[in-house]
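**Q** Listed below, chain by chain, are the residues.
4 protein chains.
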Amino acid sequence: MVRKLQVAVSGLGRMGARHARHFLEKTPRAELVAVCDPDPNARAWAQANLAPYGTKIYEDFDEMLKHPGLEAVCVAGITTQHAPQTIRAIEADKHVLCEKPLSTDIATCEAVVEAANKKPHLKVLCGFSRRFDASYRAAFERSDNGGIGRPTILRSQTCDKFRDDDYFVHYAAHSGGVFVDATVHDIDLALWFFGADSIVKSISAVGVNARYPGLAQHQDVDNGVGVVEFWGGRVAYFFASRMMAAGQHDVTEIIGTHGKLTVNQNAANDLVEHHEPNGIRREIAQTYYDRFGPAFVTESNEFTECVLDDKKLPFKLSGAVSAVKIGAALQEALRTGTKIEFNEIGERINKAKL
Amino acid sequence: MVRKLQVAVSGLGRMGARHARHFLEKTPRAELVAVCDPDPNARAWAQANLAPYGTKIYEDFDEMLKHPGLEAVCVAGITTQHAPQTIRAIEADKHVLCEKPLSTDIATCEAVVEAANKKPHLKVLCGFSRRFDASYRAAFERSDNGGIGRPTILRSQTCDKFRDDDYFVHYAAHSGGVFVDATVHDIDLALWFFGADSIVKSISAVGVNARYPGLAQHQDVDNGVGVVEFWGGRVAYFFASRMMAAGQHDVTEIIGTHGKLTVNQNAANDLVEHHEPNGIRREIAQTYYDRFGPAFVTESNEFTECVLDDKKLPFKLSGAVSAVKIGAALQEALRTGTKIEFNEIGERINKAKL
Amino acid sequence: MVRKLQVAVSGLGRMGARHARHFLEKTPRAELVAVCDPDPNARAWAQANLAPYGTKIYEDFDEMLKHPGLEAVCVAGITTQHAPQTIRAIEADKHVLCEKPLSTDIATCEAVVEAANKKPHLKVLCGFSRRFDASYRAAFERSDNGGIGRPTILRSQTCDKFRDDDYFVHYAAHSGGVFVDATVHDIDLALWFFGADSIVKSISAVGVNARYPGLAQHQDVDNGVGVVEFWGGRVAYFFASRMMAAGQHDVTEIIGTHGKLTVNQNAANDLVEHHEPNGIRREIAQTYYDRFGPAFVTESNEFTECVLDDKKLPFKLSGAVSAVKIGAALQEALRTGTKIEFNEIGERINKAKL
Amino acid sequence: MVRKLQVAVSGLGRMGARHARHFLEKTPRAELVAVCDPDPNARAWAQANLAPYGTKIYEDFDEMLKHPGLEAVCVAGITTQHAPQTIRAIEADKHVLCEKPLSTDIATCEAVVEAANKKPHLKVLCGFSRRFDASYRAAFERSDNGGIGRPTILRSQTCDKFRDDDYFVHYAAHSGGVFVDATVHDIDLALWFFGADSIVKSISAVGVNARYPGLAQHQDVDNGVGVVEFWGGRVAYFFASRMMAAGQHDVTEIIGTHGKLTVNQNAANDLVEHHEPNGIRREIAQTYYDRFGPAFVTESNEFTECVLDDKKLPFKLSGAVSAVKIGAALQEALRTGTKIEFNEIGERINKAKL
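Chains as they are written, first to last, in full-length UniProt numbering: chain A, 1 to 354; chain B, 1 to 354; chain C, 1 to 354; chain D, 1 to 354.
Hints are computed from structural coordinates only; laboratory data are not their basis.
Please read all numbers here as calculations on a predicted model, not as lab measurements.
Incorrect hints may appear among the rest.
If chains are identical, the list can't say which one is meant, so a pair holds when it fits in one copy or spans any two.
Said to hold, decoys possible - List time: in silico BS3-like cross-link candidates among lysine-lysine, alpha-carbon distance up to 27 Å:
#1 LYS66 / LYS161
#2 LYS4 / LYS26
#3 LYS26 / LYS312
#4 LYS56 / LYS316
#5 LYS66 / LYS339
#6 LYS312 / LYS118
#7 LYS339 / LYS351
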C-alpha cells in the first residue's frame with residue numbers, strides 16, 4: 001500500500017477549516033490524522049465533519065504534536081500563534097506548512113527561519129497562495145523563458161471587496177497594516193519575477209481613508225499606493241484597497257523589455273456573460289478564496305509531495321521574511337511620509353522616523 | 001481650385017438627413033447643392049440646417065434632377081421610391097448612391113441594374129454599410145490574404161435592440177421580412193467573403209414570434225435562423241432578431257480552414273468599463289447607426305472619389321440584387337417550411353410553394 | 001467511520017483512466033475498489049498507479065462485477081460496450097455512471113433505459129459533462145429564475161481543435177457522426193434550457209468536408225450546421241467543427257425574450273494575457289478535458305452523493321436517449337438533404353430517405 | 001449664408017498637418033484660410049494638398065497673422081514656438097488653439113496665461129486631447145453624476161510603443177522629460193476627475209532606463225512611476241513607458257468610494273479578433289493618433305463652436321499650466337530622488353535639490 005503523509009492542522013477558523021478539508025478530501029497522498037483548536041465550537045465542527053473520517057481532535061497544540069506517527073503540521077490558527085507553533089513543531093521534528101504571515105514582526109519571522117535552518121531535513125513552507133496559482137505559474141514560466149525580455153516593471157494590486165461592517169477596522173489592530181497584510185502578496189510576486197536576491201533601493205508609500213475612517217486609529221489606510229525601487233533598474237508599484245465595488249480584484253502586470261504579461265486583468269468568476277438592458281456584464285470573484293481556492297489545494301498537494309519524496313520546496317522560507325520586511329517598510333513610509341532608502345548591499349541609509 | 005462633386009440628396013427622413021449631413025459636413029470633396037422631400041416638415045428642417053450652407057431645397061425629385069450642374073444623387077427616401085428614382089436619375093445621366101434595398105421585389109431590382117448597365121460611364125452604388133466598416137475591411141483583407149486559409153463557414157447575425165412599441169410590426173408591412181431587411185447585410189457578407197460568384201445550393205429557414213405576435217399578419221418573425229449552402233463546400237448561417245436586451249448586436253464569424261476571424265464578438269460602444277456591485281459592465285451600440293455611422297461617412301467619401309476620379313466602385317450593383325434574391329428565398333423558406341434547392345448553375349430545382 | 005461508496009471503473013482508456021483517478025483522488029466519499037480492462041497495457045498502468053492504493057485489477061468485466069461489496073460501476077470503455085456493460089451492471093444490482101453515449105443506436109439506448117426502469121432503486125446516470133460545469137449551471141440558474149425571460153433561441157457549438165492526423169476520420173467509423181458525437185452535448189443543452197419535454201417540430205442540417213475528405217466515406221462532415229425547431233416557438237441551432245485553429249471552442253448562447261446569456265463566448269484557458277508585438281493574446285483550452293475536467297470531478301462526486309444519500313439524480317437517463325435521437329436525425333438530415341418534420345406529439349411526418 | 005471661422009494653422013509638421021486637414025476637411029463651421037511653415041518642404045506639401053482648396057501659404061508666422069479676416073490660429077509648430085506664437089497671436093487679437101505643451105518652462109506657461117487674461121474676449125485653448133475623447137467623456141459624466149461615489153484614486157498610464165530607432169532619445173533633449181511630455185495627459189485627467197482646484201500634497205517618482213540608455217544624458221527615463229498625493233484624501237499614480245510591445249497603450253482607472261471606471265483597459269484598434277493556432281488575438285492602436293484621432297477632430301470643432309457662438313471653453317487655460325507644474329515636479333523628484341512636499345495652500349515645503 002502507498003504511504004500517506006500523516007498530517008495535522010492547527011486552528012480551525014475560516015482558513016484552517018479549509019486547510020483541513022483540503023488535506024482530508026483533496027490531497028490524495030495525505031491523511032488528516034489530527035486537528036486542534038482551543039475553541040469548543042471549532043472542535044464541535046470537527047467532531048461532525050472530520051471525526052467520521054478518522055481524524056483525532058485535540059484541544060491543545062502541544063498534545064497534538066505528540067499524536068503517534070504525526071509527520072507534518074499545517075499551522076493555520078491566529079496570526080500571533082503562527083511563529084510559536086511553527087517553532088515548536090520544528091522542534092518536535094515535524095514538517096510545517098504555515099499560513100502567511102509567519103509574523104507581522106520581523107525579528108519573530110527571523111527566529112522561525114533560524115529554527116528551520118537548524119533542521120534542514122524538515123520542509124518548512126510559509127505560503128503565498130499565488131505561487132501555486134495556475135495563471136501566475138503560466139505567466140512566470142513565460143517570463144522565465146525570456147518571453148518578455150527582462151522583467152523591468154511590476155504593477156500589482158490586492159483589492160478587497162467593500163464590506164459594510166467593521167471587519168477591516170478590527171482586523172487592522174493586528175494585521176500589521178494593509179501593506180503587510182495584503183500587499184505582501186504583491187511584494188512576493190516582485191521577488192518571484194525579479195528574483196529572490198533583488199535588493200531594494202527605495203521604498204515610498206501614500207494612502208487615504210475613504211470609507212473606513214476607523215483605520216486611522218491603527219495608522220492604517222483603506223487605499224494605499226506603494227512604490228519599491230530595486231537596484232539594477234527595476235521598479236514594482238502596488239495598490240491595495242478595501243473598497244472595490246465588484247469584488248476581490250487582484251491584478252498583476254509584468255512589463256519586460258520586449259513584452260508584457262497580465263494576470264487577471266480581465267477578472268471573471270466564470271465563463272458566463274449577462275446581456276442586459278444596460279449592457280454586457282461579467283461577475284468576478286467576491287473573496288480571495290473564490291479566486292485562489294484551487295491554489296490552496298495545489299499548495300497542500302505540493303507540500304505533501306515535497307515531504308514524501310524529499311523534493312525541494314518551490315520557494316524558500318526566507319522569501320516570506322523578505323516580503324514582510326518590505327511590507328513593513330512600506331507601512332513605515334506610509335506612516336511617516338518618508339522615502340526610505342537603502343544602499344547597494346541593502347543596508348538602510350536613512351534612520352527610521354517614529 | 002479643387003473641383004467638388006455636385007451632389008443632391010433625395011429624401012430627408014432619418015437616414016436621408018444623415019446622408020445630407022455627411023455630404024455637407026464630412027465629405028470634403030463633395031458639395032451638397034440640393035435636397036428634395038415632399039414632406040414640408042422635412043423641408044423646414046432643411047431650410048434651418050442646410051440652406052444656410054447654400055443647399056437648394058426642392059419639393060419634387062424630378063425638379064431637383066434639373067438642378068444646374070448636378071452630377072450625382074443620393075437616393076435615400078422611402079423604399080418604394082428607391083428603384084424609380086434611381087432609374088430616373090440614371091436616365092438623367094446622374095451618378096447614384098442608393099440606400100439599400102434597391103427594392104424588395106427582385107424584378108424591380110433587376111430593372112435598376114439593367115438601367116445602370118446601359119450607362120456604364122455612370123457610377124451606381126447600392127450601399128451595404130458593412131462593406132465600408134473599418135473592422136469588416138480589416139477582416140476581409142486578412143481573409144483575402146489567406147490569413148485563415150479558405151473561408152468555409154460564415155456565421156452572421158443582425159440583431160436589433162427590443163423596442164417597446166409597434167415599430168417593427170408596422171415596418172414589416174413593407175420591409176420584405178426580416179431576412180430581406182436585416183439578414184440581407186449578412187448575406188452580402190457571405191457573398192463578399194466567399195466571392196460574388198458563389199452559387200447557392202440550398203436555402204432553409206425557421207423562425208418564431210416571441211415578442212411581436214403582430215408580425216404574423218405579415219408572415220414575418222422576430223427571431224429567424226436561416227442556412228444557405230453554397231456549391232463548392234461552403235455554408236453561411238444567419239440569425240436575425242428584434243429583441244436583443246443590450247442593444248444592436250451584429251456579429252460575424254468567418255471560419256476558414258486554418259483560422260477564424262470574428263467581428264464585433266466583443267461589442268462595445270466605447271472603451272469604458274463600469275465596475276459595479278454586480279460585476280463589470282460594458283455598454284454596446286443601441287442602433288445600427290451607433291455601430292455603423294462612420295461606415296456611412298466612408299461610403300459618401302468613397303462614392304465621391306469614385307465619381308471624381310473615375311475609379312471602380314468597391315463592389316458591383318448586381319451584388320445588391322443577389323443578396324436580395326437570397327433574402328427573399330430565405331423568407332419563402334421560412335413561410336413555407338420548405339428547403340429550397342438549386343442546381344450547380346444556380347437554377348432552382350423545386351418549385352415555389354405559395 | 002464514514003461509509004464510502006465502493007466503486008469500480010470499467011475501461012482504462014483515456015477517459016476511463018481519468019474517471020479512475022477522479023474516484024481515487026478527487027471523490028472523498030468514494031473508494032475505488034476495482035478496475036477492469038482487457039488490454040494488458042492498461043492493466044499494467046493500473047498496477048503502477050492504482051494498485052498501491054488498494055484497487056483490485058480485473059481483466060474481465062463480469063468478474064469485476066462480483067468484487068465483494070461492490071456498489072457502483074463507472075462504465076467508461078469503448079462505446080460499443082457502454083450499453084451491454086451498463087445492462088449487466090444493472091442486472092447485477094449495481095449503480096451505474098456510464099460515459100456518453102449510451103449507444104449510437106437508438107434501440108440499444110432504449111434497452112438500457114428499460115433495464116434501468118426495472119430497478120428504480122438503482123441510480124443510473126449517463127453523463128453530459130456540461131450539466132456539471134459551473135458556468136453552465138450558473139447560466140441555467142439565471143435562466144431558470146426568469147433572468148432572461150422565456151428562453152427562445154439557443155445557439156451552441158462544439159468545435160474541436162484541428163489535428164494533423166487521421167484521428168477524426170478513424171473515429172467517424174463508429175462515432176455515429178459529428179452530430180451524434182459532438183453536437184449531442186449542444187442538443188442536451190437545448191433540452192435542459194428549453195425543458196426535457198420539448199417536442200421537436202423539424203430538423204435540418206448541412207455540412208462540408210473542408211480538411212478531412214476521408215470523412216465522406218463515413219457519410220460524415222468536418223463542419224456541420226444543424227437547426228432544430230421545437231413546437232411552442234423555440235429554435236436551437238448548432239455548429240460542429242473539427243478544424244478550429246485556436247483550440248477546443250465550445251460556446252453557447254441562450255437568448256430569452258428579455259435577455260441573453262453566453263457561456264464561453266470569451267474562451268480563456270487561464271487569466272493570463274500576452275502583450276506582444278502583434279497584439280494582445282489569450283490562449284484557450286486545447287481539448288474538451290482542458291475545458292471540462294472539473295465538471296467530470298463534480299460528476300463523480302454528485303453521482304456518489306446521490307447513491308450514498310439516495311438523492312435524485314440531477315437529470316434523467318431518458319434525456320440521454322432524447323439527445324441521441326435528435327443527433328441521429330440531424331445526421332440523417334445531413335446525409336439525405338431532407339428536412340425532417342414531426343407533428344405536435346412528436347411523431348415523424350415524412351418518411352426516412354435512405 | 002452661414003459664417004465660417006477664418007482659421008490658420010502655424011506649423012505643418014506631423015501634428016500641424018493633421019490640424020490643417022481637420023480644419024479643412026472635418027470642421028464644417030471653419031474655413032482653413034492660411035497656413036505657415038518656415039520649411040520649404042512643408043510648404044510644398046501645403047501647395048499640393050491645401051492650396052487647391054483656397055488656403056493661402058505663408059513662410060512667416062507674423063505675416064500670416066495679417067491675413068485679411070483671420071480670426072483664429074492653431075499653433076502647432078515646434079514646442080519652443082508654442083508660447084511666443086500664442087502670445088503674438090493673442091496680441092494680434094486672434095483666438096488661439098495651441099498644441100500642448102504651452103511650454104516645458106513654467107514661467108513661460110504663466111506668461112501665456114497672463115497674455116490671455118488681458119484679452120478675456122479671446123478664446124485661448126491649450127489642448128489635452130483626452131478631454132475631447134468620447135470614452136473619457138462618458139467616464140467623466142458617469143463620475144460627475146456620482147456614479148462611482150467620490151473619486152479617490154486615479155491610476156493612469158501613457159505608454160508608447162517601442163521604436164527601434166533614436167527618436168525618443170533625440171526627443172528627450174527638448175521634451176522636458178517623460179512626465180512633462182507624456183504623463184502630463186494623465187495629470188490633466190487627475191485634475192479633471194478630482195477637480196481643477198485640487199491641491200498637491202506630495203510628489204514622488206522613480207524610473208529606469210531599460211531600452212534607451214541614451215536617455216540618461218537628458219536625465220530622463222524610458223519607464224517612470226510617479227505618485228501625486230492631493231490634500232483632501234486623493235491619490236493619483238502614473239506610469240509612463242516608451243517600450244510597450246503591442247502598441248500605444250493608454251489606460252486610466254478612476255476608483256471611487258462606490259465604484260470604478262476604466263478607460264481603455266481592454267484596448268482594441270478595431271472589432272476584429274483573430275483566432276490562430278496560439279490563441280485569440282486583438283490588435284491595439286499603434287500611435288496616440290490611432291487612439292485619439294477622433295478627439296482631435298472634436299477639439300477643432302468645439303474650439304470653432306466656442307469662438308463662433310461665444311461659448312465657454314470646456315476647460316481653462318490655467319489647467320494646462322497646473323499639469324505642466326506637476327509634471328515638472330515629478331521630473332525633479334525623479335532626478336533628485338526626493339519626495340517633494342506642499343502645504344495645504346500648495347506652497348512647497350522642502351527646497352528644490354539641484
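**Q** A separate judgement is required for each hint: does it hold in the structure or not?
**A** These are the hints, each one checked on the structure:
For the homomeric pair LYS66 and LYS161, neither the shortest alpha-carbon distance inside one copy (41 Å) nor that between copies (54 Å) is at most 27 Å. Taking the closest pair of Cα atoms, LYS4 and LYS26 come within 27 Å of each other both inside a single copy (13 Å) and across two copies (15 Å). With identical chains, the CA atoms of LYS26 and LYS312 are at most 27 Å apart both within one copy (22 Å) and between copies (25 Å). In this assembly of identical chains, LYS56 and LYS316 lie within 27 Å of each other by CA distance neither inside one copy nor across copies; the values are 31 Å within and 40 Å between.
Taking the shortest Cα distances, LYS66 and LYS339 never come within 27 Å of each other, neither inside one copy (48 Å) nor across copies (55 Å). When the C-alpha separation of LYS312 and LYS118 is checked against a cutoff of 27 Å, the pair qualifies only within one copy, where the shortest distance is 17 Å, while the shortest distance between copies is 56 Å. In this homomeric assembly, LYS339 and LYS351 come within 27 Å of each other (Cα to Cα) both inside a single copy, at 11 Å, and across copies, at 16 Å.
Checked against the numbered hints given earlier, the structure breaks hints 1, 4 and 5 and satisfies all the rest.
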